[in-house]
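Note that the UniProt record's numbering has the sequence shown beginning at 1, numbered continuously upward.
Fair warning: there could be bad hints in the mix.
Stated by the list, open to error - Pairwise CB distance ranges (calculated): (1) P67 with F101: 28 to 38 Å; (2) K102 with G59: 35 to 45 Å; (3) K28 with Q55: 35 to 45 Å; (4) K102 with I5: 31 to 41 Å.
To be verified - In silico SDA-like links for lysine to any residue, alpha-carbon gap of 25 Å or less: (5) K91 with T56; (6) K51 with T38; (7) K78 with L43; (8) K90 with K74; (9) K74 with F60; (10) K90 with D19; (11) K63 with L82; (12) K28 with L41; (13) K79 with S47; (14) K79 with E48; (15) K90 with K73; (16) K73 with L52.
Calculated directly from the structure, the hints in this document are not laboratory data.
Backbone N, C-alpha and C fix where the C-beta goes; we use that ideal spot for every residue, glycine too.
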Amino acid sequence: MRDKIIVTTHDELIFLIEDSVRKILSEKSEIKHNESSTLLLSLKEASEFLKLAPQTIYGFTSKRLIPFIKRGKKLYFKKNELEEWLDEGKKKSLAELNKEFKLNGNIKL
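From just these sequences and the hints, can you work out the full model?
Written as structure tokens, this is what we have:
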């Protein structure tokens, strides 16, 4: 095998390095997302994650307001489903509403 010397410009080298770093970060992000999507939380862990009292979470589960899994007498929660549940309650800012209306051709707020 022959060693080859590759000549590149400064800008090309920067692009290659940035592109490589972007790819690695993207791959790590995908792995982390996949790990968190299958992560099961106990009631105590869900309580800490949501910053809600366990009694509040029990109330939500009895009214079926929060996604949960029940096995025997134990409750489990998928972290990604809790994150989605939190996002459902998100209120849009005026800037987000204005952007949405502009895209739909409606008048500005």
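These are the hints, each one checked on the structure:
| no. | hint | result |
| --- | --- | --- |
| 1 | P67 with F101: 28 to 38 Å | holds (31 Å) |
| 2 | K102 with G59: 35 to 45 Å | holds (40 Å) |
| 3 | K28 with Q55: 35 to 45 Å | holds (38 Å) |
| 4 | K102 with I5: 31 to 41 Å | violated (53 Å) |
| 5 | K91 with T56 | holds (22 Å) |
| 6 | K51 with T38 | holds (21 Å) |
| 7 | K78 with L43 | holds (11 Å) |
| 8 | K90 with K74 | violated (29 Å) |
| 9 | K74 with F60 | holds (15 Å) |
| 10 | K90 with D19 | violated (34 Å) |
| 11 | K63 with L82 | holds (16 Å) |
| 12 | K28 with L41 | holds (22 Å) |
| 13 | K79 with S47 | holds (11 Å) |
| 14 | K79 with E48 | holds (12 Å) |
| 15 | K90 with K73 | violated (31 Å) |
| 16 | K73 with L52 | holds (20 Å) |
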